[in-house]
Amino acid sequence: MSKMLKATALFALVLLMVFGVFGTAFAAGSKSATVEIASVTDDSGAENAYKAEEVAEEFVLTDEIATDKAGKPVKVLWQKDITAEKLPAVIKFSISAADDDTEVFFYHHNGTEWELVTSGKGASQEVTFKDLSPVGVAIPSESSGGDSPKTGENMLVYFAGLAVMLGASVAVMALRKKA
175 MSKMLKATAL FALVLLMVFG VFGTAFAAGS KSATVEIASV TDDSGAENAY KAEEVAEEFV
235 LTDEIATDKA GKPVKVLWQK DITAEKLPAV IKFSISAADD DTEVFFYHHN GTEWELVTSG
295 KGASQEVTFK DLSPVGVAIP SESSGGDSPK TGENMLVYFA GLAVMLGASV AVMALRKKA
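Read in this note's numbering, the sequence shown has 299 at position 125, and its numbers run on one by one without any break.
It cannot be assumed that every hint is accurate.
Pairs of lysine-lysine residues, derived as DSSO-like cross-links and limited to a Cα-Cα distance of at most 30 angstroms, are as follows [said to hold, decoys possible]:
no.	residue 1	residue 2
1	225	249
2	304	260
3	246	177
4	249	304
5	266	295
6	243	260
7	225	260
8	243	266
FYI, nobody ran anything at the bench for these hints, they're computed from the structure.
Given the sequences, and given the hints that come with them, work out the whole structure.
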């Protein structure tokens with residue numbers, strides 16, 4: 175194998191790796207759903223100390239358990255075992271997967287089963303809980319919240335460019351060999 179052919183093959187491999195990195199490293203940002211507690215207050219509006227921990231395995235809220243008011247399945251986004259210093263507790267949630275038209279459902283585990291506490295539309299919701307412990311947040315199953323979007327660019331363009339560069343390199347190499 176000639177030095178020129180080896181150099182061309184090495185150049186092609188380097189280009190392929192560079193295009194692969196650019197196609198994935200600069201991918202579109204993820205739209206994964208996040209639910210955050212913005213604040214917790216008591217019913218008078220005073221700050222309320224709270225703790226949010228993982229839900230025990232036997233109390234996990236799943237998509238199969240949770241439903242909306244009409245009994246349709248929902249997509250569970252978040253659940254925590256919450257304790258607050260004072261009850262009732264008013265929790266302000268921030269839900270990244272919700273927009274102004276997305277209904278958000280709030281659940282509480284009453285000791286024996288999950289129950290729908292309330293629902294409302296929008297990314298910022300205040301919910302009053304008379305009793306805490308496991309609390310869950312969900313959106314309708316048909317909502318796109320939490321789904322990762324298409325990542326990266328269409329790689330066909332990059333690979334077509336790579337093919338053109340390789341073709342040009344082979345053509346130059348062939349012309350030099352004949353001369």
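### Message
Hint check: residue 249 vs residue 304, CA-CA at most 30 angstroms. Holds or violated?
### Response
Between residue 249 and residue 304 the Cα gap is close to 24 angstroms, so the pair holds against 30 angstroms.
### Task
Take a quick look at whether residue 304 and residue 260 sit within 30 angstroms of each other, Cα to Cα.
Between residue 304 and residue 260 the Cα gap is close to 10 angstroms, so the pair holds against 30 angstroms.
### Message
residue 243 and residue 260 were given as a pair; does the straight-line alpha-carbon distance stay at or below 30 angstroms?
### Response
holds, 29 angstroms
### Message
Check the hint pairing residue 225 with residue 260 against an upper bound of 30 angstroms on the C-alpha distance.
### Response
holds, 12 angstroms
### Query
Holds or violated: residue 246 with residue 177, Cα cutoff 30 angstroms?
Roughly 67 angstroms between the alpha carbons, so the hint for residue 246 and residue 177 is violated.
### Message
Next pair to validate is residue 266 with residue 295; report whether the Cα-Cα distance is within 30 angstroms.
### Response
Given that 30 angstroms is the threshold and the Cα spacing comes to 13 angstroms, the pair holds.
### Message
Tell me if the straight-line CA distance from residue 225 to residue 249 falls inside 30 angstroms.
### Response
Holds, at roughly 24 angstroms.
### Query
When you check the alpha-carbon spacing of residue 243 and residue 266, does it fall within 30 angstroms?
The given pair, whose Cα atoms are some 21 angstroms apart, holds under the 30 angstroms limit.
In this structure, only the earlier hint numbered 3 is contradicted, and the remaining ones agree with it.
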